[in-house]
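For the protein sequence lines, the chains are A and B, in the order given. Quick note, the first sequence lines up with residues 1 to 113 if you use my numbering. Quick note, the second sequence lines up with residues 1001 to 1110 if you use my numbering.
Hints were generated in silico from the structure; no laboratory data involved. A few of these clues could be false.
[Stated by the list, open to error] With a straight-line cut-off of 27 angstroms between C-alpha atoms, the simulated BS3-like cross-links for lysine-lysine are: (1) B:K1042 to A:K96; (2) A:K3 to A:K57; (3) B:K1042 to A:K3; (4) A:K3 to A:K96; (5) A:K71 to A:K3; (6) A:K71 to A:K96; (7) A:K18 to A:K55; (8) B:K1102 to B:K1002; (9) B:K1002 to B:K1056; (10) A:K3 to B:K1102; (11) A:K96 to B:K1056; (12) B:K1002 to A:K57; (13) A:K71 to A:K18; (14) A:K57 to B:K1102; (15) B:K1067 to A:K13; (16) B:K1102 to B:K1042; (17) B:K1056 to A:K13; (18) B:K1042 to A:K18; (19) A:K13 to A:K57; (20) A:K13 to A:K55; (21) A:K71 to A:K57; (22) A:K3 to A:K55; (23) B:K1067 to A:K96; (24) A:K71 to A:K55; (25) A:K3 to B:K1067; (26) A:K53 to A:K96; (27) A:K55 to B:K1102; (28) A:K57 to A:K96; (29) A:K55 to B:K1002; (30) A:K3 to A:K70; (31) B:K1102 to B:K1056; (32) A:K57 to B:K1042; (33) B:K1002 to A:K96; (34) B:K1067 to B:K1102; (35) A:K70 to A:K57; (36) A:K55 to A:K96; (37) A:K70 to A:K18; (38) A:K96 to A:K18; (39) B:K1042 to A:K71.
Keep in mind that this is a model prediction, so the values were computed, not measured.
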Amino acid sequence: DVKVTQSSRYLVKRTGEKVFLECVQDMDHENMFWYRQDPGLGLRLIYFSYDVKMKEKGDIPEGYSVSREKKERFSLILESASTNQTSMYLCASSLKGQGGGYTFGSGTRLTVV
Amino acid sequence: QKEVEQNSGPLSVPEGAIASLNCTYSDRGSQSFFWYRQYSGKSPELIMFIYSNGDKEDGRFTAQLNKASQYVSLLIRDSQPSDSATYLCAVKRGNTPLVFGKGTRLSVIA
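Extracted from the complex, chain A is given alone in its bound form (with noise of 0.2 angstroms):
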């Protein structure tokens, strides 16, 4: 089985601080992408990338940074914590092309305090 893990299920944090979350999949995925999931607004894209060493802006990516140094790593970054943070976050990995749905890991709830 595919497996992606985050290094975090709980994570607390002050305001201002610089975090960092992690995340590691086995499978040798190309694809990896970073969401937060916030209660009535669904997944949102924070980043992606499609190879080491390359990234894409998703749809929410202020106040982010990531990543990417080896292929199964891709690391998120808050360069500043800030309390509207507060969210799971969930990592996934997937295989390149058409048919490459997701496996996600099991998610890290960040309170940002």
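Please arrange chain B on chain A, whose structure you already have, making use of the hints.
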């Protein structure tokens, strides 16, 4: 703006009945269609995908696609209380990111 629309629900069905979940999408060039199930507090898991017009069956689940009408549906036969979850429809064109609907909450009443 590419959109995927789903009725938010809740859709309530009695145990043993057929649950019918519907989804429409705006991008006529969409090529791949997916259904995810998400239990409360958990991440989405893929349950079905379909690429061609018509029906695709997998156990109690049937996905139906009508590209002319830009319509995808998921039927769950013999619904069980364990099927109670939010069902997310997602579509994509080529290697672009999936576009998700906001989901339909299904409640199966024992």
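K13 (chain A) paired with K55 (chain A) [C-alpha distance capped at 27 angstroms] | 25 angstroms, holds
Would you mind confirming whether the straight-line C-alpha gap from K55 (chain A) to K1002 (chain B) stays at or under 27 angstroms?
-> 21 angstroms, holds
With a cut-off of 27 angstroms on the C-alpha distance, tell me whether K57 (chain A) and K1102 (chain B) pass.
-> With a Cα-Cα distance of about 21 angstroms, the restraint between K57 (chain A) and K1102 (chain B) holds, given a limit of 27 angstroms.
Straight-line Cα separation of K96 (chain A) and K18 (chain A) no greater than 27 angstroms?
-> Between K96 (chain A) and K18 (chain A) the Cα gap is close to 31 angstroms, so the pair fails against 27 angstroms, i.e. violated.
Sort out whether K18 (chain A) lies within 27 angstroms of K70 (chain A), counting only the CA atoms.
-> 21 angstroms, holds
Has the given pair, K71 (chain A) with K96 (chain A), been kept, meaning a C-alpha gap of at most 27 angstroms?
-> Measuring from Cα to Cα gives roughly 13 angstroms; hence the hint holds.
Taking 27 angstroms as the top limit, are the C-alpha atoms of K70 (chain A) and K57 (chain A) close enough?
-> 19 angstroms, holds
Does the alpha-carbon distance linking K3 (chain A) and K1067 (chain B) stay inside the 27 angstroms limit?
-> Given that 27 angstroms is the threshold and the Cα spacing comes to 32 angstroms, the pair is violated.
Pairwise hint evaluation, K70 (chain A) against K3 (chain A), where the allowed Cα distance is 27 angstroms at most | 16 angstroms, holds
Mind checking the alpha carbons of K55 (chain A) and K1102 (chain B) for me, to see if they're no more than 27 angstroms apart?
-> Holds. K55 (chain A) to K1102 (chain B) sits at ~25 angstroms (cutoff 27 angstroms).
Is the Cα-Cα distance between K3 (chain A) and K55 (chain A) 27 angstroms or less?
-> With Cα atoms ~21 angstroms apart, K3 (chain A) and K55 (chain A) stay inside 27 angstroms; holds.
Does the alpha-carbon distance linking K71 (chain A) and K18 (chain A) stay inside the 27 angstroms limit?
-> Within the cut-off at roughly 23 angstroms; holds.
In the structure shown, a violation is registered for the earlier hints numbered 15, 17, 25, 38, in ascending order.
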